[in-house]
Every structure is written in structure tokens, then in C-alpha cells.
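Peer 1: Each chain, letter by letter, is given below.
2 protein chains.
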Amino acid sequence: MSAIRQFARLPAPLIDYIVHKSHATIPSLPRIFSTSYQQKGSLSLETLDASKGDRERIVILGSGWAGYILSQRLSAKYQTLVISPRSYFVFTPLLSSTAVGTLEFRTALEPIRSKRKPNIEFMQGCADNMDFGRKTVTVEESVVDHQQGRAMRGDKNKESETSGQVTSVKEARRREGKRWEISYDKLVIAVGCYSQTFSTPGIRENAFFMKDIVDARRIRKRVLECFEIANLPTTSEQLRKYLLTFAVVGGGPTGMEFAAELSDLVREDLTKLYPELVPKVNIVVRDVAPTVLSMFDEKLSQYAMETFSRQGVEVKTSNHVQNLRPGLPSTDGSEELDIAGAQGCYTLTTKEDGDVGVGICVWSTGNMMNPFVQKALGKTYGFPSESATITSGKPFKELDANEWMIEKHPKTGAITVDDRLRVQLHTKPQPPSNSASDSNSSSPPSTPTSTAALSNVFALGDNATIRSTPLPATAQTASQQALWLAKRLNQNDLDREHFTFKNLGMMTYLGNWKGLVQTDGVMGDISGRMAWLIWRGAYLTMSVSWRNKILIPVYWFLTWAFGRDVTRF
Amino acid sequence: MSAIRQFARLPAPLIDYIVHKSHATIPSLPRIFSTSYQQKGSLSLETLDASKGDRERIVILGSGWAGYILSQRLSAKYQTLVISPRSYFVFTPLLSSTAVGTLEFRTALEPIRSKRKPNIEFMQGCADNMDFGRKTVTVEESVVDHQQGRAMRGDKNKESETSGQVTSVKEARRREGKRWEISYDKLVIAVGCYSQTFSTPGIRENAFFMKDIVDARRIRKRVLECFEIANLPTTSEQLRKYLLTFAVVGGGPTGMEFAAELSDLVREDLTKLYPELVPKVNIVVRDVAPTVLSMFDEKLSQYAMETFSRQGVEVKTSNHVQNLRPGLPSTDGSEELDIAGAQGCYTLTTKEDGDVGVGICVWSTGNMMNPFVQKALGKTYGFPSESATITSGKPFKELDANEWMIEKHPKTGAITVDDRLRVQLHTKPQPPSNSASDSNSSSPPSTPTSTAALSNVFALGDNATIRSTPLPATAQTASQQALWLAKRLNQNDLDREHFTFKNLGMMTYLGNWKGLVQTDGVMGDISGRMAWLIWRGAYLTMSVSWRNKILIPVYWFLTWAFGRDVTRF
Numbered sequence: 001m002s003a004i005r006q007f008a009r010l011p012a013p014l015i016d017y018i019v020h021k022s023h024a025t026i027p028s029l030p031r032i033f034s035t036s037y038q039q040k041g042s043l044s045l046e047t048l049d050a051s052k053g054d055r056e057r058i059v060i061l062g063s064g065w066a067g068y069i070l071s072q073r074l075s076a077k078y079q080t081l082v083i084s085p086r087s088y089f090v091f092t093p094l095l096s097s098t099a100v101g102t103l104e105f106r107t108a109l110e111p112i113r114s115k116r117k118p119n120i121e122f123m124q125g126c127a128d129n130m131d132f133g134r135k136t137v138t139v140e141e142s143v144v145d146h147q148q149g150r151a152m153r154g155d156k157n158k159e160s161e162t163s164g165q166v167t168s169v170k171e172a173r174r175r176e177g178k179r180w181e182i183s184y185d186k187l188v189i190a191v192g193c194y195s196q197t198f199s200t201p202g203i204r205e206n207a208f209f210m211k212d213i214v215d216a217r218r219i220r221k222r223v224l225e226c227f228e229i230a231n232l233p234t235t236s237e238q239l240r241k242y243l244l245t246f247a248v249v250g251g252g253p254t255g256m257e258f259a260a261e262l263s264d265l266v267r268e269d270l271t272k273l274y275p276e277l278v279p280k281v282n283i284v285v286r287d288v289a290p291t292v293l294s295m296f297d298e299k300l301s302q303y304a305m306e307t308f309s310r311q312g313v314e315v316k317t318s319n320h321v322q323n324l325r326p327g328l329p330s331t332d333g334s335e336e337l338d339i340a341g342a343q344g345c346y347t348l349t350t351k352e353d354g355d356v357g358v359g360i361c362v363w364s365t366g367n368m369m370n371p372f373v374q375k376a377l378g379k380t381y382g383f384p385s386e387s388a389t390i391t392s393g394k395p396f397k398e399l400d401a402n403e404w405m406i407e408k409h410p411k412t413g414a415i416t417v418d419d420r421l422r423v424q425l426h427t428k429p430q431p432p433s434n435s436a437s438d439s440n441s442s443s444p445p446s447t448p449t450s451t452a453a454l455s456n457v458f459a460l461g462d463n464a465t466i467r468s469t470p471l472p473a474t475a476q477t478a479s480q481q482a483l484w485l486a487k488r489l490n491q492n493d494l495d496r497e498h499f500t501f502k503n504l505g506m507m508t509y510l511g512n513w514k515g516l517v518q519t520d521g522v523m524g525d526i527s528g529r530m531a532w533l534i535w536r537g538a539y540l541t542m543s544v545s546w547r548n549k550i551l552i553p554v555y556w557f558l559t560w561a562f563g564r565d566v567t568r569f
Numbered sequence: 001m002s003a004i005r006q007f008a009r010l011p012a013p014l015i016d017y018i019v020h021k022s023h024a025t026i027p028s029l030p031r032i033f034s035t036s037y038q039q040k041g042s043l044s045l046e047t048l049d050a051s052k053g054d055r056e057r058i059v060i061l062g063s064g065w066a067g068y069i070l071s072q073r074l075s076a077k078y079q080t081l082v083i084s085p086r087s088y089f090v091f092t093p094l095l096s097s098t099a100v101g102t103l104e105f106r107t108a109l110e111p112i113r114s115k116r117k118p119n120i121e122f123m124q125g126c127a128d129n130m131d132f133g134r135k136t137v138t139v140e141e142s143v144v145d146h147q148q149g150r151a152m153r154g155d156k157n158k159e160s161e162t163s164g165q166v167t168s169v170k171e172a173r174r175r176e177g178k179r180w181e182i183s184y185d186k187l188v189i190a191v192g193c194y195s196q197t198f199s200t201p202g203i204r205e206n207a208f209f210m211k212d213i214v215d216a217r218r219i220r221k222r223v224l225e226c227f228e229i230a231n232l233p234t235t236s237e238q239l240r241k242y243l244l245t246f247a248v249v250g251g252g253p254t255g256m257e258f259a260a261e262l263s264d265l266v267r268e269d270l271t272k273l274y275p276e277l278v279p280k281v282n283i284v285v286r287d288v289a290p291t292v293l294s295m296f297d298e299k300l301s302q303y304a305m306e307t308f309s310r311q312g313v314e315v316k317t318s319n320h321v322q323n324l325r326p327g328l329p330s331t332d333g334s335e336e337l338d339i340a341g342a343q344g345c346y347t348l349t350t351k352e353d354g355d356v357g358v359g360i361c362v363w364s365t366g367n368m369m370n371p372f373v374q375k376a377l378g379k380t381y382g383f384p385s386e387s388a389t390i391t392s393g394k395p396f397k398e399l400d401a402n403e404w405m406i407e408k409h410p411k412t413g414a415i416t417v418d419d420r421l422r423v424q425l426h427t428k429p430q431p432p433s434n435s436a437s438d439s440n441s442s443s444p445p446s447t448p449t450s451t452a453a454l455s456n457v458f459a460l461g462d463n464a465t466i467r468s469t470p471l472p473a474t475a476q477t478a479s480q481q482a483l484w485l486a487k488r489l490n491q492n493d494l495d496r497e498h499f500t501f502k503n504l505g506m507m508t509y510l511g512n513w514k515g516l517v518q519t520d521g522v523m524g525d526i527s528g529r530m531a532w533l534i535w536r537g538a539y540l541t542m543s544v545s546w547r548n549k550i551l552i553p554v555y556w557f558l559t560w561a562f563g564r565d566v567t568r569f
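Which chain is which? The protein sequence lines are S and R, in order.
For the first sequence, UniProt numbering begins at 1 and goes up steadily by one.
For the second sequence, UniProt numbering begins at 1 and goes up steadily by one.
Derived from the structure by calculation, the hints contain no laboratory data.
Mixed in with the good hints, there may be bad ones.
Since the list can't tell identical chains apart, any single copy or any two copies may satisfy a pair.
Here are the simulated lysine-lysine pairs, BS3-like style, with alpha carbons at most 25 Å apart [unchecked claim]:
id : residue 1 : residue 2
1  : K178      : K299
2  : K178      : K241
3  : K178      : K379
4  : K178      : K221
5  : K115      : K549
6  : K428      : K115
Turn these sequences into a full structure, and let the hints guide you.
Peer 2: Rendered as C-alpha cells:
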């Protein structure tokens with residue numbers, strides 16, 4: 001309590017900055033963001049420092065599979081601080097179920113703040129910058145963020161330059177959130193990825209994504225809304241047909257599971273509520289690849305295709321989406337109605353089928369690196385001599401102080417880590433000496449002269465890739481990495497053994513109480529009802545809290561007994 | 001199915017209107033809205049007419065306590081059509097619990113469309129106009145309404161004139177939704193009320209209401225958001241104090257129950273998650289009256305006051321709220337921060353305490369008539385000779401055809417009904433002959449010369465008042481009226497007996513597992529833990545579906561065992 005009253009003793013420039021933020025001249029940035037000012041004045045930071053004691057502070061950026069699981073497993077000998085724009089962890093395999101009402105939204109969520117784990121600290125914000133030399137992270141607050149809980153699609157901070165550190169007052173003022181600096185002993189980068197749209201026009205603005213809980217809520221509302229609008233006397237027969245066409249783009253497990261759950265919703269529940277409309281429903285999955293669920297063995301993916309076909313889900317492969325916009329297709333010959341996208345329908349344009357009217361387009365075509373990894377981590381740093389060791393090339397002294405960069409995968413842009421998940425640095429590549437060798441349109445940069453490994457900065461999950469053995473960007477990879485890292489850090493034996501991935505197999509739901517399970521182990525490949533039972537059993541076992549272990553079967557029972565809830569709000 | 005294809009056979013003017021809505025000239029309104037055009041062309045209306053058979057159609061406007069309960073109880077010998085802007089019924093006594101996470105939102109909802117009751121038809125829209133002579137209602141669609149699920153505060157259609165029927169094309173175009181006409185054999189007006197703000201500046205824009213499910217969701221999010229912002233290092237000590245001040249305006253059962261639930265949330269859950277912040281929390285209930293819960297006996301309301309005081313809920317009576325705006329109070333001497341209301345705090349101005357910074361202001365000060373009752377039902381009609389009987393005054397033939405109005409309560413504006421809940425008409429009052437008698441500022445209009453009763457139009461719930469015995473505007477009144485009317489209509493014996501209200505008593509929750517119960521019967525007055533048990537038991541019994549009868553105790557158990565879920569999205 002007494003700590004709070006020290007606010008009055010804050011250094012004058014900071015008080016000025018806080019109080020007169022909008023009017024007064026802003027002192028130069030390095031002064032504002034220097035650790036000493038902020039930390040002395042802030043209740044939260046003082047409390048954090050006080051409760052830290054002589055423990056090491058592990059700062060985890062992100063609360064997805066990697067960040068959340070790691071935070072849960074780290075022992076109390078560390079002070080664990082999670083920094084994430086979301087106040088919860090999303091159990092992503094159940095998102096599709098929540099998007100159609102098989103489960104309630106919160107059954108797929110775990111709050112980061114929890115009574116069970118009082119040693120986990122949380123601050124709601126986004127990492128914005130980092131200093132490996134001073135061992136600090138700059139965080140921008142994001143409690144009130146209207147995009148919160150939705151898939152991030154790269155439209156935040158789109159103005160920020162790639163050109164390096166934040167140095168101008170103007171840019172600082174332009175940013176909305178307030179920022180603070182936090183020091184770390186160990187840092188874990190697990191910020192995940194954004195949804196990949198391949199820059200297809202209109203997707204970012206008009207598609208429904210499938211990454212976060214508000215996405216699921218929006219989809220649930222919109223799907224039921226399409227039926228309700230289609231049922232109105234003022235809806236034309238043509239618009240009705242469009243509204244009841246549900247497009248899913250992306251034939252991976254997420255997209256296919258959503259299509260399956262949607263067909264369950266239509267068949268099991270909406271048939272009774274909208275008997276006239278259900279015959280007009282059209283669920284179409286589109287993928288640019290020649291097959292869907294291509295990660296499964298051919299026999300299983302063949303079974304999946306047959307199951308989908310029996311359930312009336314149409315799968316269109318080698319299909320190229322070119323555009324998505326609100327409004328009716330113009331190919332009808334009639335003038336366009338002046339209805340907004342949400343009230344009317346959307347028009348999806350594909351190379352193969354031209355303009356198609358759809359009620360919703362759910363987009364799930366994989367990942368792209370998020371701007372933090374792309375930009376904030378794309379800068380050059382001085383060599384952090386305290387926490388990095390040269391692994392190849394010239395020794396430290398001969399190198400320019402600001403020539404070090406985080407090593408990234410040349411194709412995906414993911415952070416390259418070694419087999420201990422440690423972030424790797426290399427010196428800035430020199431421009432190729434001979435431009436005539438530029439025969440390929442994107443020539444690889446020349447090999448950097450020196451490389452180094454950070455000893456206290458880790459990257460895991462979707463935003464990282466292990467140099468020696470790239471792994472699929474899945475929840476399984478992320479959680480195995482988190483479990484491994486937690487164990488190593490708890491036991492202080494990071495050098496003892498390197499991380500190895502153990503493929504536990506894959507599962508997916510196909511609708512109508514059928515599934516696919518593919519494992520390397522004794523179980524082998526399973527499809528149908530038994531696979532569905534394994535699918536449900538596995539997710540129930542994996543769900544984190546007892547609260548959800550109780551709630552999930554209750555909702556499964558209620559859905560079976562009474563059907564899905566169709567209230568919309 | 002074949003009915004659908006008749007769309008092509010729609011009369012040309014209507015097709016023009018639909019297709020060229022935004023461009024073409026619009027035919028005159030009476031033509032568009034004539035029943036024959038719309039009903040012939042529409043799948044929904046044709047299906048509705050086909051499934052009606054020789055039954056009577058009862059159109060129910062509204063899906064609150066009165067409308068929903070009535071729809072559930074009407075026998076299949078009627079075709080029941082519910083028209084409501086919401087796709088669900090809200091079990092209002094549980095709203096406070098959902099607003100703090102004791103229960104999940106959907107436990108307080110029942111969908112109107114339900115497999116259990118296939119004979120109930122539903123169209124999502126708002127009644128907009130009615131014609132008692134032709135026995136039709138005009139409905140405006142409202143499936144996609146961004147205010148949906150929130151308390152209505154009179155800001156929709158605020159431009160519409162009081163001056164009578166929609167006659168100008170211009171006004172019709174200004175309206176957003178599309179409209180259609182539906183015919184009825186019997187009509188039930190149960191549209192409920194809006195939240196009363198007494199035109200206090202800033203309330204409509206900035207207060208959080210407590211009438212619908214999205215209100216509850218917004219409150220839950222905002223309350224937890226206040227704690228999270230208060231916890232940020234960038235939040236000043238002063239802003240922190242404001243954010244943790246929770247204002248409740250209105251000392252009736254709704255406001256007091258919310259304050260009680262909020263203090264439970266803080267004491268039982270947030271203490272462990274934000275130990276440094278909880279001592280700063282300040283819950284203040286304000287009411288303009290000298291007492292709160294004044295409908296209870298003095299002994300009980302005294303007990304309530306003591307219980308609240310022990311839980312740290314401050315009650316300020318005789319307190320006049322004058323304004324609510326986003327931003328910091330300016331009385332601090334410092335310049336205002338440029339933070340938006342949602343990110344910073346709100347400033348509540350009262351006559352007694354001046355400017356006070358608050359994190360949220362929950363507003364619950366009773367009802368006002370909604371614009372539909374105020375305006376659409378405030379017009380003059382021709383005498384609907386088929387469905388009305390003169391009860392006093394001149395016989396029909398001598399009366400001007402357009403001089404009839406719905407009788408309303410002179411003070412509340414509620415629709416006056418007789419003891420059979422039938423809507424009453426009277427002739428338009430003549431201006432007072434002697435203006436010198438205008439001593440009172442709002443002189444009552446002179447007595448109308450003739451009155452009549454509609455035989456097939458009923459009004460019940462909050463928007464109606466029985467001429468002989470005005471009843472409190474409560475869920476109890478509404479549901480008793482609905483049950484009575486359903487029975488009479490099912491048995492066709494409306495003339496047999498009139499409606500009588502049986503006071504079953506009152507209950508309220510006081511927090512900390514204590515309650516109040518007051519009955520006229522054998523139970524008498526009960527307070528404390530036993531009253532809380534009765535409170536929970538009663539609501540569990542009253543909850544409509546088995547789904548919720550199962551879910552509610554599950555959530556009560558989970559809240560007891562694991563605490564409330566604090567994820568925000």
C-alpha cells in the first residue's frame with residue numbers, strides 16, 4: 001500500500017508526460033522509456049519486483065499453446081510473467097465445436113489469471129520492442145482493444161516502418177496504447193502467427209477466421225443469422241439461396257472440422273427449426289491444393305472425402321479464390337441491392353467458378369508471421385555480450401556493434417532456434433557482391449559471416465523453427481516444446497539433452513460422429529465411430545482445468561439430448 | 001417448394017421496388033404494403049398461410065415474460081406467430097448472475113424457435129404499424145441489428161414523428177429495414193418497456209443497462225476490464241481509484257441484486273487474482289428516493305441495508321444523478337487525459353457529491369414506454385367495426401371514422417386494458433373548452449365522449465395497465481397475465497371470468513448467500529441464508545427448459561468449487 005503513495009514522488013518529467021500527455025511537449029523517448037522512471041512509479045512494477053525476491057523472472061510473450069503450457073509448468077522458483085493481448089488461452093481443437101454451439105465458448109478457454117497458479121503474473125499487452133543487451137521488453141497495453149479475441153490479420157500497426165527502432169516522437173504519439181518496459185532474466189517468444197490470406201483482396205475485411213474465441217462467436221451468430229434472414233418474407237429466393245451457401249476455404253483439419261460441425265448443426269438441429277430452408281443448404285469446402293487433409297494417409301483422406309460427400313459437404317480442390325466482397329454477385333443480370341454485407345450476402349470470386357453468392361466465408365488456410373516477428377524482430381541489435389555466445393565467425397570485438405540480427409527461416413520468416421529452442425543471431429548479411437548472379441527473382445542473401453546463440457532468449461511454437469529439424473506448426477509441436485522447456489528450466493539442465501519431437505499422431509472430426517485417427521504407434525490408423533470416440537476422449541483428457549473437464553461432457557450430453565442452442569446475441 | 005418459384009410471378013411494381021430499391025422511384029406506399037402483393041410472393045408468408053389451415057392465427061408482439069409464456073401455453077388449435085426483435089426470451093431474474101459470471105449467459109436464455117414447440121412460428125422483426133380494421137400488422141425486419149440484445153433506450157427511430165401514420169415516401173426510404181404485412185385473427189401486444197433515463201444527460205450513451213443479455217455481457221467484460229486496466233503499470237493511482245469505483249443507479253431489486261453479485265465477485269474471486277486492487281474497490285448504489293428496496297417491509301429492507309453495509313456496498317439515498325460522461329473528473333485541478341471512456345473512466349455528476357470518477361455506471365431506474373407504444377399506437381384509427389364494441393358514448397354511425405385512439409394511462413402512457421386484458425379505444429379528446437381552467441401545468445385532457453373495447457387485441461405485461469386495478473410492472477404480473485390469457489383462449493371462455501392478480505410475494509438476493517423473501521402467505525417474511533435457498537430454488541423451478549434446469553445447478557456448483565470464470569472476450 002505504501003508503495004502506491006510513492007506515485008507522488010515520481011520524477012517530474014514522467015508526471016508531466018502522464019498528466020499533460022495530449023498537450024505538452026513530450027520529452028525525448030529514451031528518457032520516457034528508461035526503466036528506472038517507469039518502474040519506480042508503478043504499483044504493478046513495484047509489486048512485481050517486490051514479489052520477485054531473488055528468483056529469476058521469466059517473461060513469456062504470448063498465451064497460446066506454447067506460452068500457456070510453459071507458464072503452467074514452470075516451478076515457483078521462477079517468477080513467471082505472461083504478457084499477452086488475450087486474458088486467456090484458447091484450446092483451439094474445440095473452437096469449431098463452439099462455433100456451431102456443440103460446446104459453449106468458455107469450455108475452450110482457460111483464464112491466464114487463476115487461483116490455482118498464484119505464481120503466474122499477467123499483464124495484458126503486446127510486446128513492442130526488445131533490448132537483448134539491457135534484457136528488457138517494451139510492452140504496449142491492450143486491455144481495451146476492439147480486435148481482441150479475433151484472429152489477427154496484420155491490420156494492426158500497419159503503418160509501422162520496417163526501418164528499425166522507434167526513434168521519432170511523432171511515431172510514438174501516433175500509436176494508441178501506452179507503453180512500459182519490463183526487465184527479464186529469461187525471455188520466451190511464443191506470440192504465434194496471424195492468419196495467412198495470401199493478400200487475396202477482401203479476405204481480411206470480409207472473411208470469418210477461425211483462430212480465436214470471438215471469431216467462433218461471430219461465426220455462430222452469422223450462420224444462424226443467415227437462416228433467420230433467409231426465413232424472412234422480404235428475402236428474395238435468390239438471396240435465400242446465396243445466404244444458405246456456406247463457403248469454407250482451406251482443406252486442412254481446421255477447415256474440414258468446421259465444415260463437419262456445420263453439417264452436424266444443419267442436419268441435427270436446423271432441419272427441425274427451418275424445415276423449408278435446410279434442403280437449400282450448400283456447404284462447400286475449397287482448397288487450392290489437389291487434395292484435402294493431405295497430411296493423412298491416402299486411405300484415411302479417401303475415407304474422409306466419402307464421409308463428407310455422404311453428408312452433403314461438397315469439396316472443391318484445385319480451386320483458386322480471387323476475391324471476397326459484400327453484396328450480391330453481379331452476374332445475375334439484375335442491379336445490385338443496396339444491402340450491406342452482413343444483411344445481405346457476400347460474393348466469393350474463384351478462378352474456376354466465377355462469382356458465387358455466399359452467406360459466410362470461413363477462412364482457414366494456414367499461418368503467416370505476425371508483424372512483431374516480421375518487424376520488431378527484424379531490426380539490428382548491438383551484440384548482447386552478456387547473454388550471447390559466438391558460435392561461428394569472427395570473435396565479438398571485431399564486429400560492428402549494431403550489425404546483429406535475429407536469424408529467421410528464409411521462406412517462412414519464423415525465428416530460427418537451435419535444438420535447445422534458443423534464439424540465434426547472425427550478422428547482417430552483406431549485399432551480394434555480384435548482382436549478375438541475381439538470376440532467381442528472389443536471390444538468397446549472401447551467407448552471414450558470424451553467428452551467435454542467445455543463452456536466455458527462447459522461441460517456441462508457430463513463430464519458431466528448429467534449424468536442424470523443421471516441425472509442423474501445430475498445437476502438438478508447441479505443447480511438446482513448452483513441456484520440454486519447462487522441464488529443462490525447472491531442472492536447470494538445458495545442456496543435458498536437446499529437444500526431440502515425438503509424433504503422437506493426428507486426429508480430425510468428420511461429422512456425424514465419425515473421425516480419423518492416424519498414429520505411428522500400436523493404434524495405427526482408425527476411422528469412423530471409434531476414431532470419433534478417441535477424438536472426444538483425447539480432447540477431454542487434454543483439457544486443462546477441472547472446470548472444463550466437467551463442463552465439456554455436460555455440454556456434449558445437452559447437445560445430444562436437447563440439441564444445440566440457437567439463440568443469437 | 002413450388003410455392004417458392006412463384007416469386008417470379010410477383011407483381012411488377014414490387015419486383016421493381018425490391019430490385020431497384022436504391023435507384024428507382026418508389027411506388028406509393030399503400031401499394032407496396034398492400035397485403036396481397038407481399039403475401040403472394042413470399043415463401044415464408046405462403047408457408048405460414050398453408051400451415052395455418054383453418055386455425056386462427058394469434059400474432060404475439062414481443063418475446064419477454066408476457067409474450068414468451070403466452071406463446072408456450074397456447075394450444076395447437078391456434079397458429080401462434082411470435083414477432084420480436086430478439087430470437088430468445090430472457091429469464092431476467094438471472095441476468096445479474098450472468099453479468100458477473102456466476103452463471104453462463106445462455107442459462108438465462110430460451111430460444112423462441114424450439115424443437116419442443118413446433119407449432120410456434122417466429123419472425124425476427126419489430127412491429128411498426130397496425131390496422132385494426134384490416135387486422136394486419138406491419139413488421140420491420142431486424143435480424144441484423146447492432147443494438148440487438150441490448151436494452152433499448154429510445155434511440156432507435158428517434159426521428160420518427162408523432163404526427164400519425166407513415167405517409168411519405170421519404171420517410172419510408174429513410175428507414176433501414178425492409179417491411180412486410182401480416183394478418184392476424186387475434187393480436188397480443190407485449191412489447192415491454194425501454195429503460196427509463198429521465199432524460200439525464202449522457203446516460204443513454206454511457207451507462208450500462210440491465211435489461212438484455214448483451215447488456216449483461218458488456219457489464220461482465222467492462223467490470224473485469226476495469227481491474228485489468230487498473231493493474232497496468234501505465235495506470236496512474238488516481239485513475240486506478242476511479243476505475244475501481246462501481247456505480248449502480250437505482251435501488252430497486254435489479255440494481256441491488258447486481259450490486260450484491262458484484263460484491264460476491266470481488267470478495268470471492270478477485271481478491272485472489274488482484275490482491276493489491278481489491279482494497280480499493282468501492283461499490284456505491286445511488287437512488288433518488290429516501291430508501292432502497294422500498295417495496296419490501298421496513299424490517300426486511302433494514303436487514304438488507306445492514307447486509308449491504310457489512311459487505312462494503314455503500315448505499316446513497318436521496319441522491320440525484322445529473323450527468324454521465326467519459327473521461328476523468330475535471331475537479332482534480334489537472335488537465336484531462338485524452339483517453340476515451342472505455343479505456344479510462346467515466347465521470348458521474350450528482351447534485352450531492354459533484355463529479356465522481358467511476359469505472360462503470362450500471363443504470364436501473366425503471367421503465368418508460370417504448371416508441372412503438374408511444375408513437376405507432378398513439379395514432380388515430382377509423383372505428384374497426386368488425387372487432388370493436390362501443391362500451392359508452394355515441395353509437396358508431398355518428399362518429400367520425402378517424403377519431404378513435406388507443407386509450408392510455410395518463411401518467412405512464414401504458415395501454416389501458418379491461419379486466420380481460422382487451423385493448424380499449426376512445427374517441428379523440430376535444431381540446432378543453434375553457435383554457436382558464438388550466439391551473440395545473442399539465443391539465444388532463446377533457447373526457448372523451450365515447451369508448452370502445454377491441455375484442456381481438458390484447459395487451460399484457462409492462463406495456464399495459466388494467467384500468468380498474470393497476471399492477472406492478474413485474475415479471476410476476478406479466479407471467480400471470482400470460483398464463484391466464486392462454487387458458488382463456490385455449491378454452492374459449494374469455495367472458496367466463498376476469499383476470500385477478502395473486503401476489504406470490506417478492507424475493508431478492510443480497511450477496512454473500514443471503515436473501516430476502518416476503519410473502520402474504522404461510523411463509524411470511526424470511527431473510528438470510530434460508531431466503532437465499534428459496535431464491536435459488538424458486539428460480540431453478542421457474543427456469544423453462546430442462547437444458548437450463550440442468551445447466552444452472554452445474555454452473556452454481558462450478559462457481560462454488562472453482563470460482564467465476566474471468567476470461568474477457
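Peer 1: Look at each hint and say if it fits the structure.
Peer 2: Hint by hint, here is what the structure shows:
When the C-alpha separation of K178 and K299 is checked against a cutoff of 25 Å, the pair qualifies neither within a copy, at 54 Å, nor between copies, at 51 Å. For a Cα distance limit of 25 Å, the shortest separation of K178 from K241 across copies, 18 Å, qualifies, whereas the shortest one inside one copy, 48 Å, does not. With identical chains, the CA atoms of K178 and K379 are at most 25 Å apart within one copy only, with a shortest distance of 22 Å there and 54 Å across copies. When the C-alpha separation of K178 and K221 is checked against a cutoff of 25 Å, the pair qualifies only between copies, where the shortest distance is 21 Å, while the shortest distance within a copy is 33 Å.
Taking the shortest alpha-carbon separations for K115 and K549, only the intra-copy value of 17 Å comes in at or below 25 Å, while the best inter-copy value is 28 Å. Within a single copy, K428 and K115 get their C-alpha atoms no closer than 46 Å, and across copies no closer than 65 Å, so neither meets the 25 Å cut-off.
Hint compliance for this structure: hints 1 and 6 are broken, all remaining hints hold.
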